[in-house]
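**Student:** Use these hints to put chain P onto chain B, whose structure you have.
Sequence lines, in order, name chains B and P.
Per the numbering used here: the first sequence = residues 1 to 273.
Per the numbering used here: the second sequence = residues 1 to 273.
Since the hints were derived computationally from the structure, they do not count as laboratory data.
Be aware that one or more of the hints could be misleading.
Claimed, not checked - Below, a list of computed lysine to aspartate or glutamate pairs in the EDC-like style, where the Cα atoms sit at most 20 Å apart:
no., chain 1, residue 1, chain 2, residue 2
1, B, LYS2, P, ASP109
2, P, LYS195, B, ASP109
3, P, LYS189, B, ASP93
From a predicted model like this one, the values you see are computed outputs, not experimental measurements.
2 protein chains.
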Amino acid sequence: MKRIDRIIAITEILLSHPNQLFPLGVFADRFQLAKSTISEDLMEIKSRLSLTKRGFLETIPGAAGGVRYLPAISETEATDFLEQLAQTLNTSDRILPGGFLYMADLLYDPKIIRILGLIFASIFRPKKPDAVVTIETKGIPLALMTADSLGIPAVVVRHGNKVTEGSSVSINYISGSSKRIQTMSLARKALDTGKRVLIIDDFIKAGGTAKGIVSLMHEFDAEVVGLGFLMEDTLWNACRLVTDYLSLLQYGDPSTDKPIIKAKTHVLRQNEF
Amino acid sequence: MKRIDRIIAITEILLSHPNQLFPLGVFADRFQLAKSTISEDLMEIKSRLSLTKRGFLETIPGAAGGVRYLPAISETEATDFLEQLAQTLNTSDRILPGGFLYMADLLYDPKIIRILGLIFASIFRPKKPDAVVTIETKGIPLALMTADSLGIPAVVVRHGNKVTEGSSVSINYISGSSKRIQTMSLARKALDTGKRVLIIDDFIKAGGTAKGIVSLMHEFDAEVVGLGFLMEDTLWNACRLVTDYLSLLQYGDPSTDKPIIKAKTHVLRQNEF
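Bound conformation, chain B alone (with noise of 0.2 Å):
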């Protein structure tokens, strides 16, 4: 096999399993070649890879080691999407009766949810989260290619107390904007104790549900490492109920009261990946 056709080949291999490890033996087995020529190879790929930042070969040395490929996104291309995606949510006609901003279209749409599961993966793979936690039902897409992209399952808590999955955990929480009391619950089987969890929502008001969330993983001995929110409701800035969490984009303008968009591009400059 020509080098050429070998290099393409790991490169798919690669690619193809994002964050899965691969010994070098793997690969030299398969091609019948010695590790070093296969190093060699490697290098050539990482290098080449290293320039665009959608990704990068991680090389891991020792007996147990190999090479693996992490899903990432650069600063340049995160920054226009979430200033593009911020203009597609204002120029569409886009406000609901009830002031609700409609964005399930997006939510579902693969080309959107991959991207911003790159992003929230480049900001939080530094707190190696063991599992992302979302609740049901437009937060999934979202925490499920944040997962996707960071090698780790996905959990989801549902509302309300659903039967079939075993014994579980209920908690009771007030949904801060509405103020009713509401349950969610989880399976004991959906999440081992004592793991550092990710949670990942599409939007936060007053932050109700994701308390609830932050007080159902203590019942799980969870560590929570991070709260990432797609969008944040600005109405609700000055009585929110939780405040270490990062968000992408905003809703409103509390200097105007107007109901825009607007990208928090300076979230990733903070959090410099």
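**Tutor:** For chain P alone, kept in the frame of chain B given last:
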């Protein structure tokens, strides 16, 4: 730039932007080369990728043409994966009180769902769907990954009648297994009329929910081009409310009445890809 670096760069761009059409001019401009040289590079990549069948390059001729990477999976890899998945479902302690099968952990694990999405995409791509439709909650990751592999949006039907998405269409349906009257709804904005839709969900028992989604699709003048389920419950084989569907696993064995999970690998052979 060396040819080998250029080929790695092109492979990376194509694989990290699945389903996106790149005119040859994009690469010619970026690398300051003639289109004929780029074309030779693409032939090299195309023939190499065709060997693993984990995806393939599609070349579209003409002025509006270009090249795109379509994710896929080989029948062999899909067969092995489904047999392994059935084994996982059989060996663990997954039968819950009430006879429910616990599989939420697998349904939210990107490593599992990504492959299942590739399998559904490989099977249903020839039907040329415009959107993948599912109903909340557990079918969402499956639908999303299928949509991602096909490069089309997902659409999520809601239980009940949620108020935050503008005017919507609701239908009542009778759950085939519980015989209760239920409601499902979809925002008018969520799906344009006259589309070709693929329905994807995690589980089919009597098929009342599936039949409900098909009825709802008629309200959007949509053509249902396929129905795919991860698992069917064989208990309802004799009286299922939908017939023209496909499932990858089966729960229960009519001949022995045991709660065993089997991979329906003949489905893969029948839908050769």
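**Student:** Hints numbered earlier in the text: which of these fail when held up against the supplied structure?
**Tutor:** Hint 1 alone not satisfied by this model.
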